[in-house]
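Undergrad: Work the whole structure out from these sequences, hints included.
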Amino acid sequence: MIKTEAAPSNSGLFKLWYHRMASPVWFYRISGKLLPWLWALFAVLLVTGLYGGLVTAPADYQQGDSFRIIYVHVPAAWLSMFVYMVMAVSGAIALIWRIKLAEMVLVSCAPIGASFTFIALVTGSLWGKPMWGTWWVWDARMTSELILLFLYLGVIGLYSAIEDKRMASRAVAILALVGIVNIPIIHYSVEWWNTLHQGATVTKFDKPSIHIDMLIPLLLMAGAFKVFFAISLLLRTRNELLERELPRKWVKQLVEENDG
Amino acid sequence: MQETNAFTTLLKRDFMVAFRHRNEIFNPLLFFSLVTLLFPLGIGPSPTLLQTIAPGILWVAALLAALLAADNLFRTDYEDGTLEQLVLSPQPLPLMVTAKVLAHWLVSAVPLLLLAPVLAVSFGLDAHAIGVAELTLLLGTPVLSFVGAIGVALTVSLKRSGMLLALLVLPLYVPVLIFGSNAIDTAAAGLPVSGQLYLLAALLVLAVTLAPVAIAAALRMSVSQ
Amino acid sequence: MAEFFHMGGYALYVWSSIGITAVVLLLNVLLPLQKHREMLRRAADFHELEGGNHDTR
Chain A
1 MIKTEAAPSN
11 SGLFKLWYHR
21 MASPVWFYRI
31 SGKLLPWLWA
41 LFAVLLVTGL
51 YGGLVTAPAD
61 YQQGDSFRII
71 YVHVPAAWLS
81 MFVYMVMAVS
91 GAIALIWRIK
101 LAEMVLVSCA
111 PIGASFTFIA
121 LVTGSLWGKP
131 MWGTWWVWDA
141 RMTSELILLF
151 LYLGVIGLYS
161 AIEDKRMASR
171 AVAILALVGI
181 VNIPIIHYSV
191 EWWNTLHQGA
201 TVTKFDKPSI
211 HIDMLIPLLL
221 MAGAFKVFFA
231 ISLLLRTRNE
241 LLERELPRKW
251 VKQLVEENDG
Chain B
261 MQETNAFTTL
271 LKRDFMVAFR
281 HRNEIFNPLL
291 FFSLVTLLFP
301 LGIGPSPTLL
311 QTIAPGILWV
321 AALLAALLAA
331 DNLFRTDYED
341 GTLEQLVLSP
351 QPLPLMVTAK
361 VLAHWLVSAV
371 PLLLLAPVLA
381 VSFGLDAHAI
391 GVAELTLLLG
401 TPVLSFVGAI
411 GVALTVSLKR
421 SGMLLALLVL
431 PLYVPVLIFG
441 SNAIDTAAAG
451 LPVSGQLYLL
461 AALLVLAVTL
471 APVAIAAALR
481 MSVSQ
Chain C
486 MAEFFHMGGY
496 ALYVWSSIGI
506 TAVVLLLNVL
516 LPLQKHREML
526 RRAADFHELE
536 GGNHDTR
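Chains as they are written, first to last, in the numbering used here: chain A, 1 to 260; chain B, 261 to 485; chain C, 486 to 542.
Hints may be right or wrong, so weigh each one.
Claimed, not checked - Each computed DSSO-like pair below joins lysine-lysine, with the alpha-carbon atoms no more than 27 angstroms apart:
{"#": "1", "chain 1": "A", "residue 1": "LYS249", "chain 2": "C", "residue 2": "LYS520"}
{"#": "2", "chain 1": "A", "residue 1": "LYS100", "chain 2": "A", "residue 2": "LYS165"}
{"#": "3", "chain 1": "A", "residue 1": "LYS33", "chain 2": "C", "residue 2": "LYS520"}
{"#": "4", "chain 1": "A", "residue 1": "LYS226", "chain 2": "A", "residue 2": "LYS100"}
{"#": "5", "chain 1": "A", "residue 1": "LYS249", "chain 2": "A", "residue 2": "LYS165"}
{"#": "6", "chain 1": "C", "residue 1": "LYS520", "chain 2": "A", "residue 2": "LYS226"}
{"#": "7", "chain 1": "B", "residue 1": "LYS419", "chain 2": "A", "residue 2": "LYS165"}
{"#": "8", "chain 1": "A", "residue 1": "LYS226", "chain 2": "A", "residue 2": "LYS33"}
{"#": "9", "chain 1": "A", "residue 1": "LYS165", "chain 2": "C", "residue 2": "LYS520"}
{"#": "10", "chain 1": "A", "residue 1": "LYS129", "chain 2": "C", "residue 2": "LYS520"}
{"#": "11", "chain 1": "A", "residue 1": "LYS33", "chain 2": "A", "residue 2": "LYS249"}
Unchecked claim - If the Cβ cut is set under 8 angstroms, some of the chain B residues that face chain A in the computed set are:
{"#": "12", "residue": "VAL367"}
{"#": "13", "residue": "LEU414"}
{"#": "14", "residue": "GLY422"}
{"#": "15", "residue": "LEU427"}
{"#": "16", "residue": "LEU428"}
{"#": "17", "residue": "LEU432"}
{"#": "18", "residue": "VAL434"}
{"#": "19", "residue": "PRO435"}
{"#": "20", "residue": "ILE438"}
{"#": "21", "residue": "ASN442"}
{"#": "22", "residue": "ALA474"}
{"#": "23", "residue": "ALA478"}
{"#": "24", "residue": "VAL483"}
{"#": "25", "residue": "GLN485"}
I should point out that these hints are in silico values taken from the structure, not numbers from a laboratory.
Nothing here was measured: the structure is a model prediction, and the numbers come from that model.
Ideal Cβ positions, reconstructed from N, Cα and C, are used throughout, including at glycine.
TA: Next up, the structure:
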């Protein structure tokens with residue numbers, strides 16, 4: 001009895017934070033304030049990354065200037081995995097604590113992740129043409145990436161097929177969790193399959209050492225892509241929020257503010 | 261004890277139902293043999309070529325047959341309300357779901373195991389390779405049933421789910437396809453295959469322990485719609 | 486400058502990679518922004534029609 005009357009403890013603060021995080025109005029306002037800053041950060045990272053990657057980094061001694069494709073290919077490939085992880089984590093949060101916001105983040109992740117996967121595949125193919133002489137080889141990473149694209153398409157397909165969007169979010173959350181358990185297994189099996197069947201193909205994607213002048217722009221670009229992901233995710237989640245909460249009072253207030 | 265009772269009752273019940281509608285047993289079998297036999301017609305009768313591609317064909321056909329069979333795993337039970345009763349029953353749902361998947365596997369995949377050697381012979385595989393093929397199918401098809409059941413449980417409430425089910429499930433079948441067909445391939449070359457078989461067994465253990473939880477969660481979601 | 490665009494003979498591959506990436510990323514921003522405008526319009530319509538009779542949750 002006495003304990004509960006004591007000053008707000010850590011758990012009290014946590015509860016406050018927890019409710020705020022789950023509160024749609026709070027999220028909508030704070031994300032609106034955050035977006036301009038993210039745009040600015042994205043612009044800085046993108047310009048410096050591109051300048052470093054396309055202009056100042058020296059040409060690769062083996063691949064010439066074609067290696068510059070890594071500045072879009074590698075960040076996209078990294079992000080394609082990262083987005084799936086974010087999706088699965090928000091899926092777990094949505095299933096366990098039933099936080100609506102986590103559901104919206106989850107469904108907003110899928111199209112962005114699919115986009116990054118698509119970019120990784122297309123640029124990988126565009127890199128493969130001058131390097132391998134063909135547009136496509138059944139390289140382990142490319143094959144895993146292709147399967148990942150189908151996993152994303154499955155999530156998008158399932159979400160759009162189920163009419164009731166709350167049910168659809170739960171279905172997609174389960175699917176994302178099943179996917180995250182399977183991705184390492186798929187990845188490992190494809191890698192194993194590839195080493196067994198490897199003929200003349202040489203994996204040019206992983207270089208044992210990379211020059212520091214090449215690495216810094218790569219990290220900048222990876223940062224830019226990550227910030228871009230945050231921007232796109234916030235935009236989509238805000239839309240999802242507005243769509244689901246259209247009749248609520250806070251949306252009315254928002255509309256009135258916009259008019260005034 | 262009560263759980264074991266419920267488990268066996270459900271298993272028997274599903275078994276009986278399947279035997280009353282025999283096409284549930286014969287359709288996947290028919291599909292499996294038809295798909296397999298289309299390949300020689302499409303590729304040509306060269307024995308060496310057929311021998312090389314036989315492991316892949318057998319496993320791809322098994323994958324597709326499993327996908328086809330999975331579609332009616334929960335369908336009729338969903339339509340007549342049995343599934344809702346099952347979800348509401350006091351028995352642990354993951355366990356009940358395991359019974360259903362097991363019954364489904366016995367009915368749809370075991371006949372396939374019996375037919376596979378005949379098809380393998382027609383592709384010119386030797387006795388050792390056929391034995392390994394049987395082992396991989398024995399270890400791999402239950403994984404297909406369990407993983408397929410997750411996809412079916414997610415889509416059972418939808419009217420047209422065929423293509424979506426394929427999109428959800430086939431990418432998850434990739435590891436089984438890789439290890440299964442490679443084991444047969446390696447056996448045909450006269451090399452040891454215990455590694456692949458252990459990996460398949462590991463996949464099976466993983467599927468049996470984790471999939472029922474996902475299937476149960478997905479069924480709860482589907483039934484509540 | 487021309488040398489920069491030439492990319493050591495790999496211009497086609499490098500610039501189309503960057504072009505495709507730019508288009509896909511741009512779509513990932515433009516489509517949500519367009520939808521956002523549409524959502525705000527729908528919200529305005531909804532609350533206009535509803536008058537003061539909105540859901541008070």
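Undergrad: Now tell me, hint by hint, if it's right for this structure.
TA: Verification of the hints:
1. LYS249(A) to LYS520(C): Holds: LYS249(A) and LYS520(C) sit about 21 angstroms apart, inside 27 angstroms.
2. LYS100(A) to LYS165(A): Since the Cα atoms of LYS100(A) and LYS165(A) sit roughly 11 angstroms apart, the hinted pair holds (cutoff 27 angstroms).
3. LYS33(A) to LYS520(C): Holds, because 19 angstroms separates the two Cα atoms, which is no more than 27 angstroms.
4. LYS226(A) to LYS100(A): 24 angstroms, holds
5. LYS249(A) to LYS165(A): 21 angstroms, holds
6. LYS520(C) to LYS226(A): Roughly 22 angstroms separates the two Cα atoms, so the pair holds.
7. LYS419(B) to LYS165(A): Holds: LYS419(B) and LYS165(A) sit about 17 angstroms apart, inside 27 angstroms.
8. LYS226(A) to LYS33(A): Within the cut-off at roughly 19 angstroms; holds.
9. LYS165(A) to LYS520(C): 17 angstroms, holds
10. LYS129(A) to LYS520(C): Since the Cα atoms of LYS129(A) and LYS520(C) sit roughly 37 angstroms apart, the hinted pair is violated (cutoff 27 angstroms).
11. LYS33(A) to LYS249(A): 21 angstroms, holds
12. VAL367: 24 angstroms, violated
13. LEU414: Holds, because the Cβ-Cβ distance from LEU414(B) to chain A comes to roughly 5 angstroms (cut-off 8 angstroms).
14. GLY422: Not OK, violated: GLY422(B) not within 8 angstroms of chain A, min 11 angstroms.
15. LEU427: 5 angstroms, holds
16. LEU428: 5 angstroms, holds
17. LEU432: 5 angstroms, holds
18. VAL434: The hint holds - VAL434(B) has a Cβ within 8 angstroms of chain A, the shortest such distance being about 5 angstroms.
19. PRO435: 4 angstroms, holds
20. ILE438: 5 angstroms, holds
21. ASN442: ASN442(B) check passes; min Cβ-Cβ to chain A is 7 angstroms, inside 8 angstroms.
22. ALA474: Holds: closest Cβ of chain A sits about 5 angstroms from ALA474(B), inside 8 angstroms.
23. ALA478: Check passed: Cβ of ALA478(B) comes within 5 angstroms of chain A, closer than 8 angstroms.
24. VAL483: 10 angstroms, violated
25. GLN485: 5 angstroms, holds
Of the numbered hints given earlier, the model fails hints 10, 12, 14 and 24; all others are met.
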